[in-house]
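Number of protein chains: 2
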Amino acid sequence: MEKGLRPALDGFSSPRAIAVVGASSDPTTIAGLLFANLVDSGFGGVVLPINPHHTEVRGIRAYADLASCPTTPDLVVVCVPADAVIDVVAQAGDFGVGAVCVISAGFAEVGPQGAARQARLVATARERGVRLVGPNCTGILGGVGEGRFNATFSRTLPAAGGAFLLSQSGAVGLAVLEAADARGLGIGAFVSIGNAADVSTNDLLRYWEDESAADVILLYLESIPGPASFLRVAQRLGRRVPIVAVKAGRTVAGRRGAASHTAALSGGDVGVDALLHQAGVIRAGSIDEMLDLATMLSCTRRYSGRRVAIVTNGGGPGILAADACEANGLEVPELAASTAAQLRALLAPEASVANPVDMIASATAAQYGQVTRIVGAESDVDAVMVLFNTPLITRAVEVADEMIAARAVLADDVALVGVFMNRDGAPATLHAAGIASFTSPENASRALARAIAWDERRRRPEGTIPRPAFDVAQARRIVNTAASTGEGWLDTVTVAALLDACGIASVRSRLVSTPEEAEQAQIDFGGTVVIKAAAAIHKSDVGGVRTGITTALDAAAAVRAIRLALVDAGLPDAADKFLVQEQISSGLEMIVGVNRDPLVGPLVVVGRGGTAVEVLNDVAVRVAPLTDHDVDEMVETLRSYPLLTGYRGAAALDVAALRDVLHRISTLVAEIPEIAEIDLNPIFVLEHGVAIADARIRRT
Amino acid sequence: MEKGLRPALDGFSSPRAIAVVGASSDPTTIAGLLFANLVDSGFGGVVLPINPHHTEVRGIRAYADLASCPTTPDLVVVCVPADAVIDVVAQAGDFGVGAVCVISAGFAEVGPQGAARQARLVATARERGVRLVGPNCTGILGGVGEGRFNATFSRTLPAAGGAFLLSQSGAVGLAVLEAADARGLGIGAFVSIGNAADVSTNDLLRYWEDESAADVILLYLESIPGPASFLRVAQRLGRRVPIVAVKAGRTVAGRRGAASHTAALSGGDVGVDALLHQAGVIRAGSIDEMLDLATMLSCTRRYSGRRVAIVTNGGGPGILAADACEANGLEVPELAASTAAQLRALLAPEASVANPVDMIASATAAQYGQVTRIVGAESDVDAVMVLFNTPLITRAVEVADEMIAARAVLADDVALVGVFMNRDGAPATLHAAGIASFTSPENASRALARAIAWDERRRRPEGTIPRPAFDVAQARRIVNTAASTGEGWLDTVTVAALLDACGIASVRSRLVSTPEEAEQAQIDFGGTVVIKAAAAIHKSDVGGVRTGITTALDAAAAVRAIRLALVDAGLPDAADKFLVQEQISSGLEMIVGVNRDPLVGPLVVVGRGGTAVEVLNDVAVRVAPLTDHDVDEMVETLRSYPLLTGYRGAAALDVAALRDVLHRISTLVAEIPEIAEIDLNPIFVLEHGVAIADARIRRT
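So the protein lines, in turn, are chains A and B. FYI, this note's numbering numbers position 555 of the first sequence as 555, with every residue one higher than the one before it. FYI, this note's numbering numbers position 342 of the second sequence as 342, with every residue one higher than the one before it.
Just so you know, these hints were derived from the structure itself, not from any lab. Everything numeric in this text was worked out from a predicted model, so none of it was measured. Heads up, some of the hints might be wrong.
Unchecked claim - Listing some non-contacts, in silico: residues in chain B with all C-beta distances to chain A over 10 Å:
{"#": "1", "residue": "D83"}
{"#": "2", "residue": "F95"}
{"#": "3", "residue": "D215"}
{"#": "4", "residue": "R240"}
{"#": "5", "residue": "L347"}
{"#": "6", "residue": "T464"}
{"#": "7", "residue": "C502"}
{"#": "8", "residue": "A561"}
{"#": "9", "residue": "T627"}
What the hints assert, rightly or not - Stretches of chain A that chain B covers, calculated by requiring three or more beta carbons in the stretch to come under 8 Å of a beta carbon on chain B:
{"#": "10", "segment": "178–184"}
{"#": "11", "segment": "284–292"}
{"#": "12", "segment": "317–327"}
{"#": "13", "segment": "641–647"}
From the three backbone atoms N, C-alpha and C, an ideal C-beta is built for every residue, glycine too.
Construct the complete structure from the given sequences, taking the supplied hints into account.
Written out as structure tokens, the structure is:
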């Protein structure tokens with residue numbers, strides 16, 4: 001962590017004295033509301049309202065400026081108009097304050113003038129050793145015990161707890177706080193990061209890694225600045241503490257919103273998705289799902305497996321739960337005969353002792369407890385999902401008490417999950433006892449499945465980035481000295497040389513200019529050849545590819561035909577060079593490619609190839625450099641993976657060779673940032689090795 | 001509708017006198033709870049408790065039996081033990097009662113003995129002209145005005161309203177009632193159908209079609225008895241009143257639950273999904289989604305299009321809403337410059353007037369109203385989604401009032417949707433004013449998108465089932481007289497004859513027994529041929545197919561090689577007949593097939609074909625007989641559809657010929673129930689016509 005950052009973050013995290021510059025008694029203003037919340041939060045430290053026009057605010061002695069304060073605050077919260085902020089920060093620095101949270105809006109989010117103001121703000125802070133949260137944020141909430149404080153707009157202060165929240169949107173942050181409070185989820189800290197002009201998401205993650213007692217970290221993000229650094233800290237931290245993120249701006253309209261919101265630079269969603277996945281971050285599709293995951297993971301972080309026993313007092317809800325579990329990749333196995341017999345002795349004759357265990361509507365609280373213990377003790381059960389539906393007589397609190405008692409005797413890695421479909425929801429006692437509870441089986445199943453997946457993943461050894469043996473310096477020389485077309489595409493000869501330097505084999509091919517040269521190439525190669533335009537164009541769209549040529553005569557004719565087609569298509573300049581290649585008629589047509597995402601960097605893609613890539617849409621994407629795990633996962637999650645491994649009696653193809661190409665390409669683009677784009681399509685995966693039939697590479 | 005059913009359904013729907021057999025004063029029993037709910041519901045008609053042991057129940061004069069009642073009830077609710085139910089039904093019939101709801105459990109859901117009792121129950125009712133709802137149900141709720149009654153276990157009686165609910169699970173029904181009440185959704189009627197021994201889902205749908213003022217119909221189903229009849233009534237009714245269904249038992253574990261629950265016969269989910277789609281039923285993935293759809297559709301059923309304007313007082317929620325809209329297939333267009341200018345004049349300088357319109361946190365209720373009117377009046381906007389986030393000063397009720405005023409001036413087919421992310425949710429006034437409101441933008445967007453899709457679909461003309469010109473009688477003769485293998489597969493010659501009789505062309509082929517005959521066939525056909533085992537086996541799995549044979553010598557060798565392979569694979573019986581066929585090397589390899597689903601009947605499938613059908617997993621399924629719309633939709637929703645219509649410069653293929661095959665196959669299996677299974681794979685779609693390279697047909 002940067003020098004001087006840790007003491008400042010201590011100030012943001014556990015201040016003993018907080019000054020609010022602009023504090024007022026009027027709760028209809030932002031400053032007044034925030035100050036009222038701070039006072040009402042029961043903060044046991046010193047509160048210092050700063051207001052030159054008043055001697056007291058809400059009965060607390062006020063000061064005209066920071067310098068007049070009897071003590072140096074650990075945290076200054078600034079609520080004055082934008083044009084007065086820089087002066088306040090300067091004064092804070094002069095007074096020895098290290099941590100300033102700027103609530104005020106009117107900075108980078110309002111255009112160039114605001115951006116300039118923000119730059120001056122940061123410069124002022126840097127000069128004086130002040131660290132900033134914000135500007136354009138809704139404040140900070142945190143601390144423990146006597147030190148618990150709420151310096152935000154949120155009228156709701158959730159109970160303290162293990163969920164730590166960082167939000168790039170103030171409104172979303174406040175909505176999460178309210179929703180967390182409503183479902184009894186404790187919040188350890190909340191930081192509204194606003195424009196993140198200084199202290200960043202990555203800074204906070206690093207701090208929380210060292211200093212916090214977080215059970216789960218929740219992120220609402222509109223951008224991911226410093227993606228490489230984010231990847232490192234999230235990978236490390238996320239193995240111990242699950243990180244759940246909502247990344248907004250998935251779509252064009254969403255990004256339009258984000259651009260005008262916190263001045264976030266947003267790339268496409270594919271890259272973000274890959275980055276979050278590689279970082280081990282659980283990406284939630286909505287705030288509700290994020291809170292479901294927080295509920296689940298704040299209760300249980302260690303799971304023995306995916307086998308769920310469902311216990312219910314209503315048949316229909318049990319079926320819905322079984323459907324939802326299986327739809328989310330969980331298993332709902334039949335219970336062992338001995339277990340079924342125990343249940344049979346315990347329950348009404350109309351009850352069902354399969355899985356779901358339907359105790360029927362007359363089920364008592366005691367039966368809930370007994371059945372939960374019995375199925376939870378079975379060696380084939382990793383989690384018990386207890387459904388409580390609108391009761392006839394039995395009360396929810398009694399069922400909750402029985403569940404809490406059962407929780408105490410179940411093994412730690414057997415998850416116990418409640419689903420309370422009655423109007424009042426789950427009794428509040430459950431969460432405190434480590435029993436995550438939900439109001440629908442669908443949400444419960446999804447959260448449970450994703451929590452288990454997180455646990456499975458963190459138990460895997462970390463991946464390593466292999467270093468394929470090739471001469472990177474030689475590859476760099478080829479890229480830098482090559483001629484290229486106007487748009488940066490390298491010519492065919494350079495592409496072949498570059499792939500060769502990387503140790504990636506292409507098919508036998510020869511560049512020709514005339515029908516006669518094509519004849520000779522066909523004769524020399526023997527067998528079937530392909531002839532195509534050598535220029536970096538979308539060849540098949542303009543009739544620039546001829547396949548299945550088996551005679552010298554046809555080879556010459558093909559060159560003439562392609563020439564005509566290119567001229568017809570308005571591409572006469574492309575009509576002077578042709579590539580004659582061996583035609584590959586076996587193996588599987590795949591694609592390997594690279595694109596640079598403005599947000600997350602080089603994206604490597606692998607998938608089904610050929611002309612119909614977009615139609616098949618069977619691709620996997622990761623950010624380079626790729627680890628061995630990344631490559632394994634990319635290949636194995638393709639729908640087409642079975643076609644590579646010996647499908648229905650066919651010979652297995654050389655997946656290892658495909659993996660090797662991915663590692664070489666990954667190394668190439670990670671080492672040579674001048675490579676903007678690579679398109680190996682098709683690359684045939686053969687029984688032995690691979691064969692690249694067409695390759696395009698673009699330089700920036 | 002069946003004779004006598006309508007008066008009985010009037011009795012279930014709007015009784016003036018209700019008898020409860022088994023009524024007690026003890027609210028911890030089922031009968032006592034139901035009777036208390038009936039009394040508490042304020043029902044203005046006559047309530048008749050039947051209990052031989054008491055002269056009054058809850059202060060109401062009780063009768064020893066039905067015959068002692070001073071008036072004949074329109075509805076009798078039976079809560080006595082299972083073994084006493086049949087007598088009560090007999091008495092009811094003798095007393096002239098037409099409608100009996102049997103709450104009691106202990107019938108088909110508890111095994112063979114219960115099933116026998118249920119059969120006797122139905123027989124008793126039929127003999128006496130009594131119609132039954134149940135048994136094994138939680139009761140009925142409905143009526144209007146003074147006639148509003150709650151004869152269920154539900155302590156919650158939601159306000160009257162346009163949502164009509166039928167549930168095959170009592171517990172789910174009660175959960176829906178509670179959830180509907182919590183979100184202010186009015187329920188016009190609720191029928192817990194239980195085991196549906198007599199009155200069925202289809203009966204109720206037909207009744208509601210004629211008699212009800214339903215705005216939306218909600219179904220919780222575990223089975224679909226009478227699928228053909230369900231299809232017809234749902235198609236008809238669903239064009240006027242949207243039908244939303246949760247069909248449980250999607251998965252193996254879910255079906256295990258369903259089998260032991262309401263004695264439902266459950267088939268696979270693919271067939272159910274196809275049937276519901278063809279019926280025009282909106283299938284919800286959860287109870288929550290069903291209620292979201294009910295909320296949306298009870299407010300708005302006519303939509304002008306998919307373009308949404310988003311209005312928010314918080315940037316982040318606006319971005320989440322934009323993401324959610326686009327993810328659900330809605331559009332979030334930029335607003336016209338003139339509109340943006342109007343908004344700019346109205347809003348704070350920091351506000352964003354793109355779409356989402358971010359009025360920032362200081363937005364007033366008046367600004368909400370003004371902006372909603374302005375964007376809602378724009379011709380490019382079909383719906384306005386108004387987000388209200390945790391406010392600083394502005395109150396939710398004031399925003400709601402402004403929305404209600406705006407609703408009054410907006411065109412009827414411009415939808416107005418509220419999203420209240422604050423703790424207290426949406427003010428109750430909104431729904432009454434026809435403004436559907438939600439607590440998250442994701443749920444709002446999904447409901448809006450699916451409601452619009454329903455409206456788009458019902459505006460389309462109804463499909464028709466074409467009758468391809470072929471001789472069905474001739475086809476039937478071929479099927480019935482054909483020899484077949486043990487498992488019912490027809491031999492190659494019969495298959496060819498049957499396809500020919502249906503007017504479906506196969507490729508040129510010849511059945512041979514020896515290498516010499518294969519030689520001759522290759523010579524006669526010329527060009528490239530395929531040779532394969534003629535038996536109905538998975539040929540390619542056992543080396544039973546040889547392709548690309550261009551000489552007579554190779555043809556003979558292929559027959560010998562296949563013989564050896566079949567013997568090696570333990571299939572010597574299949575090694576005596578071989579098919580020599582023209583090899584098709586152009587067009588797109590597709591599959592057309594038929595399977596019979598035990599629940600919904602013949603399922604026709606079309607998709608990408610070849611050996612990798614399962615891997616590509618690009619198929620569409622519908623229940624036969626197929627309408628023209630069905631076939632169009634099947635073909636056009638395939639991921640591969642672009643490959644059929646002239647992809648990247650390739651010639652367009654003969655989609656009309658593929659459609660024609662689908663209609664012929666559909667007609668064939670609809671007319672000849674003896675055909676159990678058809679597998680045309682591959683069927684090549686060519687530039688002109690199609691060519692079936694392999695066909696298997698199985699008879700029951």
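Output the indices of the hints that this structure fails to meet, ascending. Result: no hint breaks.
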